[in-house]
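S.K.: Chains as they are written, first to last, in my numbering: chain A, 1 to 233; chain B, 1 to 233.
These are calculated hints, taken from the structure and not from any lab test.
Mixed in with the good hints there might be a few duds.
Since the list can't tell identical chains apart, any single copy or any two copies may satisfy a pair.
Subject to a maximum C-alpha distance of 25 Å in a straight line, what follows is the list of computed DMTMM-like cross-link-like pairs (lysine to aspartate or glutamate) [to be verified]:
no., residue 1, residue 2
1, Lys31, Asp12
2, Lys136, Glu64
3, Lys136, Asp13
4, Lys4, Glu132
5, Lys31, Glu89
6, Lys45, Asp204
7, Lys45, Asp12
All of these numbers come straight from a predicted model, not from anything done at the bench.
So you can see what is in the structure, the chains are spelled out below.
Protein chains: 2
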Amino acid sequence: MTLKLYDLAGADDNHRFSPYCWRVRMACAHKGLPLETIPWRFTEKDRLPQPSNGTVPVLVDRGEVIADSWRILNFLDQRYSADPLFGSEPAVGAALFLKLWTEQILNPLVSRIVVRDVWSKLAERDRSYFRESREKRFGQSLEQVVENRDQTVLRLREALEPVRTILCERTFLSGASAAGPDYILFGVFQWARCVSSFPLLLNDDPTYAWQTRMLGLFDGLADRAPAALDQAE
Amino acid sequence: MTLKLYDLAGADDNHRFSPYCWRVRMACAHKGLPLETIPWRFTEKDRLPQPSNGTVPVLVDRGEVIADSWRILNFLDQRYSADPLFGSEPAVGAALFLKLWTEQILNPLVSRIVVRDVWSKLAERDRSYFRESREKRFGQSLEQVVENRDQTVLRLREALEPVRTILCERTFLSGASAAGPDYILFGVFQWARCVSSFPLLLNDDPTYAWQTRMLGLFDGLADRAPAALDQAE
């Protein structure tokens, strides 16, 4: 039976860029689970099945509703144990650390680079909600936030040092094959790639080669996703 | 058969504080493996069994020599599969990220707080080697490095945010029980605790409560370790 995922969309229904939804899409592909994605916008909180907290991803599987990418990945491992995303309790713990580091350290840096691009790709009805909530968070206009992105990207590349060190030696974070930790990290890069043409990584960064490998997985699932569409601003 | 670990010692043979050696001591206790530790000093590179690269930990198990804490933890999981430290390939990958983050982000900050205290606890014959190599690394005298430790500790507490978030919800990083990821992180705190009375954590930080739980594991193995001995300076 096909799973359903409520997935953030831009102005174009096919433009999907949420870093958290991408974790789930890659995880479902990893397990070979058929997935239907339902385009959703920030201002459609009432359209989400319950229980959920007004954000995506929300997954529906055989009538069961699971919100939050971390809970969804763990749910998938419990219900569909083949091809584990984590595979052990210590793995869940260490992956949780990676998830939190990604969200607390990496995402804010990437956000300071691409947030104005995200805004420009949104459906008209989402734009003022997005601008207001993000400008409140940053205490600056979106235009002011991204003004320093040439400096921000240097901080991002510095923060990526542990990732870079691993990927000098391993094909994927998880070893010879990609798994949960890779999908968690990949979401950030796919988010940026889908909304912005600003390059986060130098081409000789092992993280860049890893990103290319991730894009190619599952018949190029992430590579085929519409990237940085130019919507009317 | 008892395993042997070459373990960094201070002026006092019983004073053991290497963050990397503590990872191994906790990991062996986790697996219930009997371990004999051999005190070793920085200036005794020739005393280490080969192959090793002049640093500890070096583990000897049935004639096999394994150097480097990460390699040792993985060796232990392979040879003694019960009570896994990691337990899956994705776990090894995510734990490797935690290890690198610990070494590249956390250790340098803690080092800037305790490095002068480490020096003061060393055997006389290790002191000039240690001072010279560390002062070269920092480009400052040890005394200058620690002068700003009131500021450094704030940066450390900020960097610990992902750890703190996990430990708000979980008893150990690895879940209900401690495992590899916990021992990797714990080494840093045990290092600081064994050489310095400078408090790294606020008492209401969930990381502090976790540290207390870690100290109590294995009949208080880490808690019983001589801490912050006052050697003659």
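S.K.: Mind listing which of the numbered hints don't hold for this structure, in increasing order?
M.R.: 1, 2, 3, 4 and 6
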